[in-house]
Each structure stands twice: as C-alpha cells, then as structure tokens.
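Below, each chain spelled out in residue letters.
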Amino acid sequence: MNIPVKFIIFGLLNVVLTLPLSAQSALQEGGLGNALFAGSKMAAVIVVLVIILIGLAIFLVSMERRIKKMEDDQ
Amino acid sequence: MKGWWWKITGVLLLVYVFVFGLIGEIPRLPILEQSIRNLYFHVPMWFVMMLIMFMSMIFSILYLAKSNTEHDIEGKREQSEIVNSILKHQKFDILAAEWAKVGFVLGILGLITGSVWARSTWGAWWVFEEVKLNAAAAGILVYAAYFILRGSVEDEDRRARIAAVYNIFAFIMFIVLINVIPRVVESSLHPGNGGNPGFSSYDLDNNMRIIFYPAVIGWFLLVGWIIDLAVRLKKIEKRKNLSD
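Chains as they are written, first to last, in the working numbering: chain A, 1 to 74; chain B, 1 to 244.
Okay, chain A solo, but in the shape it has when bound (with noise of 0.2 Å):
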C-alpha cells in the first residue's frame, strides 16, 4: 500500500481542523454557520452538494485501493 490509512486520516484531520481558522476573517464566531444563514441560501445548497461529492470521491478512493490491494497481490 503506497499511503497508509493512517498518514490519510491524520492529513485530512489536519486539513478539515483547521479549515475554521480560515472561516474567521469572513465573519464573527460561527463564521461558515453564519454564512450559510445569511442572503438567499444558496451556499446551503452548493455545501450539500459539495458534501456529497466528497462521499462520492471517499468511495471511489476506496475502491482504487481495494482494487489495487488484489492487482498487487497477482
């Protein structure tokens, strides 16, 4: 296996933790709740979507690696 699972969730980790450091200069606390509540709501929906081709992609990842466990293994 070339990435660990480990090395990847702990990169994620670092990389989602600290996403709300940078939502700070938007707004006051809150600062992605707070845009998402604010205008016409349209973020809202561009986050749901984005949520669900983050799953998509996490699936496929998942199964280039079990795909490429087996090629490795012939």
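It is possible that some hints are incorrect.
Claimed, not checked - According to the in silico footprint, chain B covers these stretches of chain A (three or more CB under 8 Å from chain B): (1) 48-54; (2) 59-67.
Said to hold, decoys possible - According to the in silico footprint, chain A covers these stretches of chain B (three or more CB under 8 Å from chain A): (3) 140-146; (4) 151-163.
Stated by the list, open to error - Computed cross-link-like contacts, DSSO-like style, restricted to lysine-lysine with a CA-CA straight-line distance of at most 30 Å: (5) B/Lys2 x A/Lys69; (6) B/Lys91 x B/Lys66; (7) B/Lys235 x B/Lys7; (8) B/Lys66 x A/Lys6; (9) A/Lys68 x B/Lys238; (10) B/Lys2 x B/Lys88; (11) A/Lys6 x B/Lys88; (12) B/Lys88 x B/Lys235; (13) A/Lys68 x B/Lys88; (14) B/Lys66 x A/Lys68; (15) B/Lys66 x B/Lys234; (16) B/Lys235 x B/Lys91; (17) A/Lys69 x B/Lys101; (18) B/Lys7 x A/Lys6; (19) B/Lys101 x B/Lys2; (20) B/Lys2 x A/Lys6; (21) B/Lys240 x A/Lys69; (22) A/Lys68 x B/Lys240; (23) B/Lys101 x A/Lys6; (24) B/Lys235 x A/Lys68; (25) B/Lys101 x B/Lys91; (26) B/Lys238 x A/Lys69; (27) B/Lys91 x B/Lys240; (28) B/Lys88 x B/Lys238; (29) B/Lys234 x A/Lys69; (30) B/Lys7 x A/Lys69; (31) B/Lys7 x B/Lys240; (32) B/Lys234 x B/Lys88; (33) B/Lys2 x A/Lys68; (34) B/Lys238 x B/Lys7; (35) A/Lys69 x B/Lys235; (36) B/Lys7 x B/Lys234.
Hints in this document: simulated from the structure, not taken from any laboratory.
Every residue, glycine too, gets a C-beta built ideally from N, C-alpha and C.
Got chain A; can you put chain B on it based on the hints?
Chain B only, in chain A's frame:
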C-alpha cells in the same frame, strides 16, 4: 446487475436534476429562499436510503429462507466448484451487508447535509428538541449496531444468520423511527411532520415536483451503481480469500 442502460439513465436523470435543480423556478418562501433546492438532494438521499435498507432486509430474509440447504462440499472435488458453492451459499448475505453498508453511508451523508440545511434555515446545526433528528440519529445507530454485530461473530454461517435476523428488526425499527414517530408528535420543524404541511403543498405550480421525482429515481440508480460495484468487488475479494 448487468447492462449500461440503467446506469446511463441514472446519470442523465441526475444531470437534468443538477441543471434544472439549480436554475429552475422555485416558490419564494421566507427563510427557505434558495435552500429549498436541497429538496432535490437531501430528501432523495433519505428516500433512497429507505429503499436500500428495505432491499437489504429482503436479502436477509432470502438468506434465511434459502440457507436450509447446506452446501455439499463432499460431493465436489474441484477447488473452483467448492469456492463457487460457498459463494452461492453466501450470496444473499453479501448482498444484504453491502446494501446496508452503502445505505449506512447515505444515512451519514443525510445527517450531515441535513445539518447544513438546518444551520441555514433553523439557525442551528442540530436541534435537540426536534424528534425527527433524534429519530434519524437513532436509526443510524441501529445500523451501526448491525455492523458491530457482524464484526463480533467469527464463523461465517453463524454471522450471516444472526445478522440476517437482526437486519429484519433493524429495518422495522428504522422505519418506525423516522417515518412513524415524527409524524405523531405535536410539533416539529420538519415539513410533513408534527402538524406541518409537507413540501407537496408548497409546489402549487408543480415546478418542484417535475424535478423531485426524477431526482429520487436518478439518485436511486446512481447509488445502485455504487452498490453494484461494491458487491462485485466483495465477491472477487471473497473468491480470492477462499482460493488462498
């Protein structure tokens, strides 16, 4: 399930849903505003999850119904015949588990997307007084327990049987939790529950219906494709493990 037609249909339907879901006309409602478009994404996800969990339960029932016939290994000499026979015996168990797995992921995504929608309209990521939210979380836990149960039994046949029985109760509980209980309570934030009008009363000019129904079908077909790949890969992995 073989064939490209249903996979392509699913993708085409979703292209239609994405394009017209984002630019199509929507009723202008206060607070909801543009976020009502999540009707085409968040809601179908839960509908599809219910369908998938239903199918998983059907496979569990089929496994229990057909597992009386013990696969006869003694009569078979060829290794490939033995492997095939074992896989045939486990077929419905594999199907039940993989369908439930994907359904579980859909449930998690449904909770996350619902939380995003909630923050944008109700003003909070989670509302503890809202029965449907608690019921959905409980429903997810019911299926988490299904996977923990599967992981706790070593012997394959016993695992399949115990998991199949649990799956039947799990689905019944799941439907009761997210469909029955929220509709019975007096007050709820969710449309269609607790005395609120459902979304069907919002689309007076059917602008949303013509995108919502194809959305359910399209998402079901796309998720079906995902399940198809997962099942096929699982079978290949099992075949490989048995052959070693």
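Provide an ascending list of the numbers of those earlier hints which the structure does not satisfy.
Going through the list in order, the structure violates hints 3, 4, 8, 11, 14, 18 and 20 and respects the others.
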